[in-house]
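Asker: Listed below are the residues making up each chain.
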Amino acid sequence: MKIAVLSGKGGTGKTLVSVNLAAASDQAVYVDCDVEEPNGHLFFKPQNLETEMVTIPTPQVDESLCNGCRQCVDFCKFNALAYIGNSLVIFEDICHSCGGCVTICPQKALSEKKKEIGEVKKGTSDGVMVLSGMMNIGEASGIPIIKKLLETKGLDDSLAVIDCPPGSACTVMESIKDADYCILVAEPSIFGAHNLSLVVELVRLFNKPHGVILNKCLDGKNPSEEYCKENGLHIIGSLSYDKELGTMNAIGLVAARESQRYRDVFTGLLKAVVEEVGYEATSNT
Amino acid sequence: MKIAIPVDQTTKNSNVCISFGRAPYFMFFNTETKETTFIENEAADSQGGAGIKAAQTLVDAGTEVLLTPRCGENAAIVLQKAKIKMYKTLPGSVEDNLVAYKNGKLEILEEIHPGFHGQHEGPK
Chain S
14 MKIAVLSGKG
24 GTGKTLVSVN
34 LAAASDQAVY
44 VDCDVEEPNG
54 HLFFKPQNLE
64 TEMVTIPTPQ
74 VDESLCNGCR
84 QCVDFCKFNA
94 LAYIGNSLVI
104 FEDICHSCGG
114 CVTICPQKAL
124 SEKKKEIGEV
134 KKGTSDGVMV
144 LSGMMNIGEA
154 SGIPIIKKLL
164 ETKGLDDSLA
174 VIDCPPGSAC
184 TVMESIKDAD
194 YCILVAEPSI
204 FGAHNLSLVV
214 ELVRLFNKPH
224 GVILNKCLDG
234 KNPSEEYCKE
244 NGLHIIGSLS
254 YDKELGTMNA
264 IGLVAARESQ
274 RYRDVFTGLL
284 KAVVEEVGYE
294 ATSNT
Chain G
2 MKIAIPVDQT
12 TKNSNVCISF
22 GRAPYFMFFN
32 TETKETTFIE
42 NEAADSQGGA
52 GIKAAQTLVD
62 AGTEVLLTPR
72 CGENAAIVLQ
82 KAKIKMYKTL
92 PGSVEDNLVA
102 YKNGKLEILE
112 EIHPGFHGQH
122 EGPK
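Order-wise, the sequence lines are chains S and G. Numbering-wise (the numbering used here), the first sequence opens with residue 14 and increments by one. Numbering-wise (the numbering used here), the second sequence opens with residue 2 and increments by one.
Pulled out of the complex, with its shape left as it was, chain G reads as follows:
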């Protein structure tokens, strides 16, 4: 199973990025092979609809679970259509959150924010 996480840097010690659509990178963790990969988020500097494009990237990569601190409504539509499960991350590193997920400590992300449409910087 493939787990995706928005990250600030391309290391497992990285913090989880506070933004989904405009995160600089996504980390994928394959639970079967224990393999970790990183990809650049091409949606990060989009003029608009960054969440949609980022979500499309995750869908195309075969993601089944997304660990993220937040998610906008448009991204959520894409992710839900692809049946990707979303869990809300806790403060801490990516590694910490993967452990927390494995131990069933992360809650399902239910709060979907209306998005930061038109604000290219994303959340502060």
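Extracted from the complex, chain S is given alone in its bound form:
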């Protein structure tokens, strides 16, 4: 079972929820798809780390074969190639790795080489397998790293909690693509409610069963809760704005491991989500 945790904005508590849901389960996989700023590992402090490089293909030219026909230059929609003074100039950072130039070259002067864009780290933390993707600074897209993370063997056989990047862009779509359920984490602010509406639109577009966890709840008005009620969204549960939780989180402790109270809270949330997924599965068959 794959559960994706997402939110329209950063800082709502995606990692808090993901890490603790994984920790509340006896056996789980935590997948940090926030490859631009992964931080789940700071809580899990995984052991027995294995690192695997993630690469993308980019073209390289054999100058002795290139006759300057410029078909590759004309073909590239991203203008990643130029032909200047009898030599081909390749702009790797502009290249989208489509492979078109290599395919089209009549002289077979172009071939693909691997360019490293980041890495995937795999380790364990008690019963949790921790997977983290890390993109190198300056790279344009983390999608290939997210793909690699989600291709990891064993993800389908256990409970996988996918900690998504913030927002509702391509990297989030890639992260939730194969999820069985989406948890949307929202803050009690007007900004929070607005950004929640963006991810609601996204998960509806992807036809994903979903529910909301209201985080940082205070007394008084909660615009995100109001939004949920107005739009018929299922609220899985809420977490209060609590100093104890905030303190544990701030020093990198996993609340569900440190405090029985929070172990109960997250076990309860996990149970509610698992029941939801079961209900969705039966009602769809």
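Careful: at least some of the hints might be erroneous.
As the list claims (entries may be wrong) - Each computed EDC-like pair below joins lysine to aspartate or glutamate, with the alpha-carbon atoms no more than 16 Å apart:
#1 S:K221 / S:E289
#2 G:K3 / G:D61
#3 S:K127 / S:D87
#4 S:K90 / G:D46
#5 G:K35 / G:D46
#6 S:K90 / G:E43
Claimed, not checked - Okay, the calculated bits of chain G under chain S, using three or more residues with CB under 8 Å as the criterion:
#7 46 to 55
#8 71 to 80
These are computed hints drawn from the structure, not numbers from a lab. Note that beta-carbon positions come from the ideal geometry of N, C-alpha and C, so glycine has one too.
With chain S held as given, fit chain G onto it using these hints.
Answerer: Same frame as chain S, now just chain G:
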């Protein structure tokens, strides 16, 4: 010698365009024949790499000098490989800038910006 300038409109009274790669047109001025020509910049609505494509167009047209208010790093790589000299334009029309260039009043463009990659609108 052929001088190229990114322009907003196809007249000599036009302002110099604030963008190089996404300028709508380029004006060429031939210093020998005094002839002025305009071409549409096909790179203007590219998904990406507009500066590279625009620079390629100038190289292919046999440009030797470029008068521009700014230039991104990728375009600069292409232009420098083709040994095209870049001068920084002054506020005013294309005509004013051609006169300023002739009188040696334009400075060599040394400041290359990191580009506006992925921002299709270019500079504001």
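Asker: Compare the structure with each hint and give your call.
Answerer: Status of the hints after comparison with the structure:
Between the alpha carbons of K221 of chain S and E289 of chain S the distance comes to roughly 12 Å, so the proposed pair stays at or under 16 Å and holds. About 12 Å separates the Cα atoms of K3 of chain G and D61 of chain G, which keeps this hinted pair within 16 Å; it holds. Taking the CA atoms of K127 of chain S and D87 of chain S, the gap is near 23 Å; set against the 16 Å cutoff, the hint is violated. For the suggested pair K90 of chain S and D46 of chain G, the alpha carbons sit about 11 Å apart, so the restraint of at most 16 Å is met.
Among the hinted pairs, K35 of chain G with D46 of chain G is inconsistent with the structure: their alpha-carbon atoms are about 30 Å apart, more than 16 Å. Pair hint K90 of chain S plus E43 of chain G holds up; C-alpha atoms about 12 Å apart against a cutoff of 16 Å. Requiring three or more residues with a Cβ within less than 8 Å of a Cβ of chain S, the coverage given for the region 46 to 55 of chain G holds, as 7 such residues are present. As drawn, the region 71 to 80 of chain G meets chain S at 3 residues by the rule of a beta-carbon pair under 8 Å; at three or more, the given contact holds.
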